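Visitor: The chain contents come next:
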Amino acid sequence: MELLITSLIAAIISIPYSLIIPGIERKIQARIQQRIGPPILTPGFWAVLKFYYKKDVEPIAFLSRFYKSLIWLGIFIVLFLLFFSMPSWWNILGWASILGLVGLLKLEESLYVFMGAQSQSFLSTTMPVPDLAKGAKGIGIHREFLEQHSAERAIKMMAVGSLPLYIALLVPFAIAKSAMISEVVRVQNPGFFSLAFSLPSNPILFTVPGFLATIVYFIGYVILLNEKPFSILKAKIDVIEGGVLEYAAKLRAGYYIMRNLLLFVLSSIFVTLFLGIPFDPLKPFYLIFNIILSLIMPIALSILVAFSPILTFRQIYPSAVGLSVLGALALIISILGV
Amino acid sequence: MMERKVVEKEISIGPVHPALIEPYRIRLFVNDEIVEDCEININMAYRGIERLLEGLPVEKALLITERVCGICSNVHTWNSVRVVEAGLRIEVPDRANYIRVLINEIQRIASHLIFFGHAFEVLGHETFAMRSFLLREVFMDLMAYIGGNRVMPAVPVIGGIRPRADLTDSLKRVISERINDFEKKYREYVERILADSMIMSRLTGVGLLSKEDAIKYHATGPNGRASGWNYDIRTLMHEYEPFDFEVIVLNEGDNKARVVQRALEVFECLKIIRQILKNLPEGPIVNRDWIPGKMNYTISYFEAFRGELMHSCALDSQGLIRGYKIRTPTPTNLAAMERACVGDHITDAILTIASCDPCLTCCTRVEVINFDESKTMTVMDIMKKYGRR
Amino acid sequence: MGLKAIARKNAIHAMLVYTGGCNGCDIEVVNAIFSPRYDIEQYRVLITWNPREADVLIVTGCVTWQMVEPLKKLYSLIPDPKGVVAVGACAINGNVYKNMVGDIGVNEEVFAPVDNIIPVDVKVPGCAPRPEDIIMGAVKAVPKLMEAP
Chain A
404 MELLITSLIA AIISIPYSLI IPGIERKIQA RIQQRIGPPI LTPGFWAVLK
454 FYYKKDVEPI AFLSRFYKSL IWLGIFIVLF LLFFSMPSWW NILGWASILG
504 LVGLLKLEES LYVFMGAQSQ SFLSTTMPVP DLAKGAKGIG IHREFLEQHS
554 AERAIKMMAV GSLPLYIALL VPFAIAKSAM ISEVVRVQNP GFFSLAFSLP
604 SNPILFTVPG FLATIVYFIG YVILLNEKPF SILKAKIDVI EGGVLEYAAK
654 LRAGYYIMRN LLLFVLSSIF VTLFLGIPFD PLKPFYLIFN IILSLIMPIA
704 LSILVAFSPI LTFRQIYPSA VGLSVLGALA LIISILGV
Chain B
2 MMERKVVEKE ISIGPVHPAL IEPYRIRLFV NDEIVEDCEI NINMAYRGIE
52 RLLEGLPVEK ALLITERVCG ICSNVHTWNS VRVVEAGLRI EVPDRANYIR
102 VLINEIQRIA SHLIFFGHAF EVLGHETFAM RSFLLREVFM DLMAYIGGNR
152 VMPAVPVIGG IRPRADLTDS LKRVISERIN DFEKKYREYV ERILADSMIM
202 SRLTGVGLLS KEDAIKYHAT GPNGRASGWN YDIRTLMHEY EPFDFEVIVL
252 NEGDNKARVV QRALEVFECL KIIRQILKNL PEGPIVNRDW IPGKMNYTIS
302 YFEAFRGELM HSCALDSQGL IRGYKIRTPT PTNLAAMERA CVGDHITDAI
352 LTIASCDPCL TCCTRVEVIN FDESKTMTVM DIMKKYGRR
Chain C
4 MGLKAIARKN AIHAMLVYTG GCNGCDIEVV NAIFSPRYDI EQYRVLITWN
54 PREADVLIVT GCVTWQMVEP LKKLYSLIPD PKGVVAVGAC AINGNVYKNM
104 VGDIGVNEEV FAPVDNIIPV DVKVPGCAPR PEDIIMGAVK AVPKLMEAP
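Chains as they are written, first to last, in our numbering: chain A, 404 to 741; chain B, 2 to 390; chain C, 4 to 152.
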């Protein structure tokens with residue numbers, strides 16, 4: 404019963420809160436670009452409401468119902484990511500561990516592959532212009548939708564790009580010498596289990612491996628969210644938005660919620676694992692500290708986005724490998740216990 | 002031995018797409034991520050301008066030639082005026098020539114800044130794109146002050162310039178203040194770009210166009226000059242004789258060279274503007290002493306912002322236009338673009354096309370498809386025969 | 004004014020379709036979006052390139068015949084409620100391409116005005132219109148969106 408109530412409270416708090424984040428992000432970018440920029444609620448909150456009130460249309464997709472269901476699946480995956488990091492779930496079946504987190508993140512990434520494979524937007528191949536009539540080159544070649552190309556890129560990103568994040572996630576667990584989130588919090592903040600509020604006594608962020616892992620985690624966060632500079636799978640200039648192109652009306656609102664929630668949840672997990680302040684709806688002080696501290700990552704992200712171009716695979720492979728090596732270094736240091 | 006290309010699939014982009022704001026279609030034949038072949042279809046902007054001009058009085062024709070292209074409107078007006086002036090042997094006052102050069106150079110800078118805006122937008126770097134559009138506002142304002150419209154200043158008329166566009170002393174002072182301010186900011190902007198390692202890693206060594214290819218495909222203008230081909234019609238034009246400027250030639254021929262070439266060219270334009278403000282002669286601005294009459298077929302070449310531009314026409318005995326022909330720089334640059342983007346990633350290929358600065362509205366023509374029957378088909382005919390897609 | 008109208012007023016997604024013409028209006032629209040001096044985003048208009056996300060379709064250019072079908076299709080894909088803003092003289096009456104013909108009489112290549120193809124709500128005249136006017140046009144389409152069921 405307590406489980407249900409806390410989960411419900413967590414969902415009710417986190418979804419509206421996460422919708423403020425894109426507005427803050429957009430405002431910071433606008434300020435860097437020397438302009439005023441949209442009001443803070445506009446890109447997230449009001450946009451979602453507006454899409455919710457739009458008339459539903461059928462997406463052009465290969466398996467339309469499957470395509471539509473993916474978005475709800477995505478929201479549930481992200482919500483469960485948040486639940487697993489909550490203290491009331493720590494005792495359930497051992498899911499509140501490195502395994503649960505990594506498994507759900509991998510599932511979340513693979514959603515983009517399915518979305519890309521299904522969506523068949525008219526912006527590329529099916530555009531009604533006389534095209535084959537020119538017929539000069541390449542007759543009879545397989546013509547691919549932009550979204551399918553995006554799906555292929557998503558597979559590559561799954562294989563290479565997301566490695567840094569997982570390695571960085573391992574580091575706090577290696578320091579705590581346990582696979583459970585509760586142990587990670589106990590190492591950093593022993594007072595959490597007894598007191599109403601206590602600041603973490605020795606957060607992992609301020610140790611050498613923790614700091615290295617934070618850098619890697621941040622870049623991994625950017626890669627997982629497909630933001631610039633690692634936004635190759637939804638690079639605006641060739642695949643436009645990738646697999647999510649065809650989501651309209653309520654489904655688009657769902658997509659906004661999913662993406663912004665992921666933005667919030669990943670940084671909330673960071674605060675839980677590296678600072679030892681969990682997202683706990685039953686202990687308001689921890690809750691408030693957690694959600695305020697989890698603004699740091701989106702803000703850093705928006706500054707990075709404003710100053711970087713899109714990188715191609717020519718640059719992504721080396722940087723992902725380099726970051727993985729850095730993450731592995733942090734892991735080795737933490738295991739040796741320096 | 003011939004190299005065999007493996008083409009796995011085709012990716013087609015456009016005409017409604019964020020990377021190509023103008024309506025055209027790119028068909029990329031790719032092997033995984035690598036572009037093996039490229040086809041650019043530009044027929045979406047065909048309006049039949051040359052046909053519209055047939056039978057119009059020459060003065061009216063200026064209205065249409067100005068609207069061939071909205072980025073380089075002054076180039077087309079000026080060049081169509083030059084054709085008539087050369088054919089009818091109309092003397093142009095010196096002061097008019099100076100002011101024509103002035104507005105042309107102002108628009109050249111604005112065009113190059115659009116190029117930066119577009120190229121950085123395609124690169125994914127919104128901040129620099131916006132910065133470039135902010136810097137460009139200086140020149141849009143100046144155009145509005147001189148000609149009365151931000152986009153279509155319509156300064157040249159046959160025999161001189163419009164009286165409204167005459168430079169007063171206060172306007173001269175405004176221009177010189179604004180460009181001094183601009184130059185300071187622009188220098189910082191360019192230095193900031195060249196120091197950014199992430200952008201340079203995207204630009205360097207991508208989209209190579211060798212000098213031989215540039216000459217073979219006749220990629221004139223900044224694209225050819227960035228590949229080491231020293232070719233600038235401004236050095237041959239009598240209007241530009243009084244001015245001292247350098248032709249910027251770079252030898253690399255990659256995207257970085259194309260960006261840097263234009264960045265440096267803006268400084269040369271500023272140099273010309275300064276000389277105009279300093280040495281502007283007094284005198285009349287327009288020569289009304291001419292009548293439209295029979296004119297033989299006359300050709301005028303011109304250095305537009307993207308390369309070599311040709312206008313040519315004849316007048317009949319009533320002074321109506323016959324056989325107007327326009328050849329804009331982009332068709333020849335297009336072939337070079339298709340060549341340059343082979344062998345790169347898709348994202349880079351689109352950047353290469355953007356870095357060649359396509360301006361496709363002006364260049365759409367009839368296509369010859371059916372070689373066997375030696376027949377010229379318009380796109381409309383092709384569609385009737387083969388259908389859409 | 005209900006929550007629905009407030010939400011629609013506060014977030015407007017605009018999409019630009021350029022249907023042939025001289026690039027002038029096109030550059031001015033891009034200017035209104037990208038130039039920090041005009042900055043359309045401060046008026047709660049966000050830019051998108053995806054018809055599924057858009058509310059307001061900004062159409063520029065005289066519609067050449069190849070762009071007729073894509074334009075119709077694009078309009079049909081935008082979920083209701085939606086508004087269309089025709090920007091520039093070409094989109095409103097065909098400008099010189101339609102009205103200033105020499106010997107041929109009728110220019111068959113140009114299908115302007117946009118009214119002939121899709122219903123237009125707001126017209127922004129000018130060749131080329133200033134960015135201020137374009138922003139005003141995009142915002143003027145909002146009452147129609149707000150009143151829609």
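Since the hints were derived computationally from the structure, they do not count as laboratory data.
Values in this document were obtained by computation on a predicted structure and should not be read as measured data.
Glycine included, each C-beta is placed from N, C-alpha and C at the ideal position.
Any given hint might turn out to be false.
As the list claims (entries may be wrong) - Below, simulated PhoX-like cross-link-like pairs (lysine-lysine); rule was C-alpha separation at most 25 Å, straight line:
id : chain 1 : residue 1 : chain 2 : residue 2
1  : C       : Lys7      : A       : Lys639
2  : B       : Lys217    : A       : Lys639
3  : C       : Lys7      : A       : Lys458
What the hints assert, rightly or not - Stretches of chain C that chain B covers, calculated by requiring three or more beta carbons in the stretch to come under 8 Å of a beta carbon on chain B:
id : segment
4  : 8-21
5  : 35-41
Said to hold, decoys possible - Some chain C residues near chain A, calculated using beta-carbon distances under 8 Å:
id : residue
6  : Trp52
7  : Glu72
8  : Pro73
Visitor: All hints are to be evaluated individually against the structure, with a verdict given for each.
Guide: Hint check results:
no.: 1; hint: Lys7/C with Lys639/A; in the structure: 30 Å, violated
no.: 2; hint: Lys217/B with Lys639/A; in the structure: 33 Å, violated
no.: 3; hint: Lys7/C with Lys458/A; in the structure: 12 Å, holds
no.: 4; hint: 8-21; in the structure: holds (count 3)
no.: 5; hint: 35-41; in the structure: holds (count 4)
no.: 6; hint: Trp52; in the structure: 6 Å, holds
no.: 7; hint: Glu72; in the structure: 4 Å, holds
no.: 8; hint: Pro73; in the structure: 6 Å, holds
Hints 1 and 2 from the earlier list are contradicted by this structure; the remaining hints agree with it.
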